[in-house]
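Given chain Y's structure and the hints, the job is docking chain D onto it.
If you're matching them up, the sequences are chains Y and D in order.
Per this note's numbering, the first sequence starts with residue 17, numbered consecutively.
Per this note's numbering, the second sequence starts with residue 17, numbered consecutively.
One or more of the hints may lead you astray.
[Claimed, not checked] Ranges of calculated distance between the beta carbons of each label pair, as one might list FRET restraints:
no.	chain 1	residue 1	chain 2	residue 2	range
1	Y	Asn46	D	Glu81	33 to 39 Å
2	Y	Glu146	D	Met17	29 to 35 Å
3	Y	Gly155	D	Ser87	49 to 55 Å
4	Y	Asp209	D	Pro265	42 to 48 Å
5	D	Gly129	Y	Asn46	26 to 32 Å
6	D	Pro265	Y	Gly247	48 to 54 Å
7	D	Ile226	Y	Gln216	54 to 60 Å
[What the hints assert, rightly or not] Derived DSS-like pairs (lysine-lysine); straight-line CA-CA distance at most 27 Å:
no.	chain 1	residue 1	chain 2	residue 2
8	Y	Lys182	Y	Lys288
9	D	Lys128	D	Lys182
10	D	Lys18	Y	Lys346
11	D	Lys18	D	Lys61
12	Y	Lys298	D	Lys182
13	Y	Lys298	D	Lys294
14	Y	Lys152	D	Lys346
15	D	Lys182	Y	Lys18
16	D	Lys298	Y	Lys346
17	Y	Lys18	D	Lys152
18	D	Lys36	Y	Lys182
19	D	Lys346	Y	Lys182
20	Y	Lys346	D	Lys182
21	D	Lys36	Y	Lys346
22	Y	Lys36	D	Lys182
Just so you know, the hints here were simulated from the structure itself, not pulled from any lab data.
For glycine and all other residues, C-beta sits at the position ideal for the given N, C-alpha and C.
Number of protein chains: 2
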Amino acid sequence: MKTIRTSIIGFGAVGQGVAKVILSKNEYLNNMGIDLRVVAIADSKTAVIDENGLDLSAVLARKLEQGSVGSENIGGTEIIKTVEHDLVVEITPTNINDGGVGLGNMIAAFEKGMDVVTSNKGPLALKYCELEEMAKNSGSQFKFEATVGGAMPIINLASETLAGNKILSMEGILNGTCNYILCRMMEENAPYDQMVAEAQELGIAETDPIYDVEGIDTACKLVILANAIFGMNATYKDVSVTGITKITPEALLLAQNNGYDIKLIGEVNGSKINVSPKLVPKDNPLAVGGTLNVASLQTDISGPITITGRGAGSIETASAILSDIISIYKD
Amino acid sequence: MKTIRTSIIGFGAVGQGVAKVILSKNEYLNNMGIDLRVVAIADSKTAVIDENGLDLSAVLARKLEQGSVGSENIGGTEIIKTVEHDLVVEITPTNINDGGVGLGNMIAAFEKGMDVVTSNKGPLALKYCELEEMAKNSGSQFKFEATVGGAMPIINLASETLAGNKILSMEGILNGTCNYILCRMMEENAPYDQMVAEAQELGIAETDPIYDVEGIDTACKLVILANAIFGMNATYKDVSVTGITKITPEALLLAQNNGYDIKLIGEVNGSKINVSPKLVPKDNPLAVGGTLNVASLQTDISGPITITGRGAGSIETASAILSDIISIYKD
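Here chain Y stands alone, though its shape is the one from the complex:
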């Protein structure tokens, strides 16, 4: 049995999902030869540390009751620098302007030769190649399946499961909020604003949905895929981005009457990285409904391979983090 000491830096919905999944999968991990101990958890204000392993149930209960994980006044970066552990699960909020605290956390982890598993898109959309290089030089593992598509395992599918293939191009729906809004606009023949409001009421869209509806979230994910799957050296500024805010019910009706959906499609093709609304035939594997995500890979010897799954959700995103942890440490 390999003992792996980990921190969870960031303890919002996904961070709590990770704690819940680690709790429920303890025996499963042990059966794979992994004794995973969470030695530190930090939220935006507080932290809790126990080098022998935290009682995750107690921490989750405290977060629920008090809104904070603990009483220690120490930041995530400081934990990475001072608490002895092997793995940083970096789940602070995405910031695509400067990478936010996540970027510093990742750098601090790599400087100490620690492994990083993350769902934080910002640092990867800005500094993918630098981070990969740092991880390589320090002998760290760096995995980020959870940054793209939630539970949909597109990165590991392309780079491991489809080993032997050259991936020629990729297109997909990488933002469930936009997909939900477009589907509902078509179903109800309703205007954009009305369906954004509905999505907000249901918790599918955020109070300020600009990050999703303007295609920015999709663009960040495409940058990660362009680098991780296609070996490009891309950053956010290389993406051509159009969102869904100008789609009308009339356009959707016209598409529908001709056998098409309108979907916000992200694609990587040659050197082009593009996000824009596109007509998709209703019988195409990309024409998935609701908040689902989907990605279709064109490969040289396997032909087209399409994968569909839930693109969001705290437990679903935590599942991607767990699969990355297992792939690093399994015997």
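What follows is chain D alone, placed relative to chain Y:
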């Protein structure tokens, strides 16, 4: 660089596909630290052996011109027993009555501690647990992604990419011939016999299509999935099987008018393994057209994950064999 000596036993369309793929991916394999040398190839009548590695282009050309791979009068099993090598790529025709020569070939390989990668469903549909046990006891690797879904990587997706998940159930379309026939019956409002004839003309259905249209092929694949993904101890006789021969254009029309397709669905759910035609809503991810295969996994923490790909084709099936080879030998 690791030198791996392999035989290819069976040299029909898929066997030749494997040779072509190994030829075209030589540099790719070298970059992964694998020097893959094919030291023996056997078809049903002849064989060719070169312990230093065969010239695959020459063998492929000879097979095309003369219909046979070589002049040596030695069978596949004898090659496995007498030629020194590490890996047997077993691609003889599927026989679900007694496992055919494939079963003996796999046993012979495991007795010598050799690894086996195969697309041959027969031995696995009949003797999965025995073969797994033999492989385990002899320290052999045993991989069979190519037995189910051609290029669609369902086994490795479930067991590796989705590590951490418990797979709760699976349903899918695992036979492209049936899917083609049903799609075309619906499109043309045409009877079963007519569309079987069309599929035969196009090389999508065999001269005797019973194995596909009666659901036998799907049932064999389900047995393999039930064992490999769900840890069952199932054989072909545990499957409840109904084929597509009694589906009428009227039934398809009625389904279509209510927003459904009729698909031959295979499912593993609890202890039930079942193949039968089912109504599938047209907007369900399982409603794929043409000869595509699709599988939808219900998981405990990732939710539903659906994968779609080409279920047949010599290069596509060879791609699954290549990915298995890489997963065994990559550094």
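Practice task
Would you check the hint for Lys18(D) and Lys346(Y), treating anything up to 27 Å between C-alpha atoms as holding?
Solution key: Satisfied, since the Cα-Cα distance of roughly 23 Å is no more than 27 Å.
Exercise for the section: Take a quick look at whether Lys36(Y) and Lys182(D) sit within 27 Å of each other, Cα to Cα. Expected result: OK: Lys36(Y) and Lys182(D) at ~15 Å, within 27 Å.
Problem - 27 Å limit on alpha-carbon distance, applied to hinted pair Lys298(Y) and Lys182(D) - result: Distance of about 32 Å is beyond 27 Å: violated.
Problem - Distance restraint between Lys36(D) and Lys182(Y), which requires alpha-carbon spacing of 27 Å or less - result: 15 Å, holds
Exercise for the section: For the pair supplied as a hint, Lys182(Y) and Lys288(Y), confirm whether the alpha-carbon distance does not exceed 27 Å. Expected result: The given pair, whose Cα atoms are some 17 Å apart, holds under the 27 Å limit.
Exercise for the section: Decide if the proposed pair is consistent with the structure: Lys346(D) and Lys182(Y), CA atoms, cutoff 27 Å inclusive. Expected result: 16 Å, holds
Exercise for the section: Take a quick look at whether Lys346(Y) and Lys182(D) sit within 27 Å of each other, Cα to Cα. Expected result: Roughly 16 Å separates the two Cα atoms, so the pair holds.
Practice task
Starting from Lys298(D), check that the Cα of Lys346(Y) is at most 27 Å away, please.
Solution key: With Cα atoms ~40 Å apart, Lys298(D) and Lys346(Y) exceed 27 Å; violated.
Problem - Assessment of proposed distance window 26 to 32 Å (beta carbons of Gly129(D), Asn46(Y)) - result: 30 Å, holds
Problem - C-beta pair Asp209(Y), Pro265(D): status relative to the range 42 to 48 Å that was hinted - result: 45 Å, holds
Problem - Satisfaction of hint between Lys346(D) and Lys152(Y), Cα-Cα up to 27 Å - result: 18 Å, holds
Problem - Assessment of proposed distance window 54 to 60 Å (beta carbons of Ile226(D), Gln216(Y)) - result: The hint (54 to 60 Å, Cβ to Cβ) holds, given that Ile226(D) and Gln216(Y) are roughly 56 Å apart.
In this structure, the earlier hints numbered 1, 9, 11, 12, 16 and 21 are contradicted, and the remaining ones agree with it.
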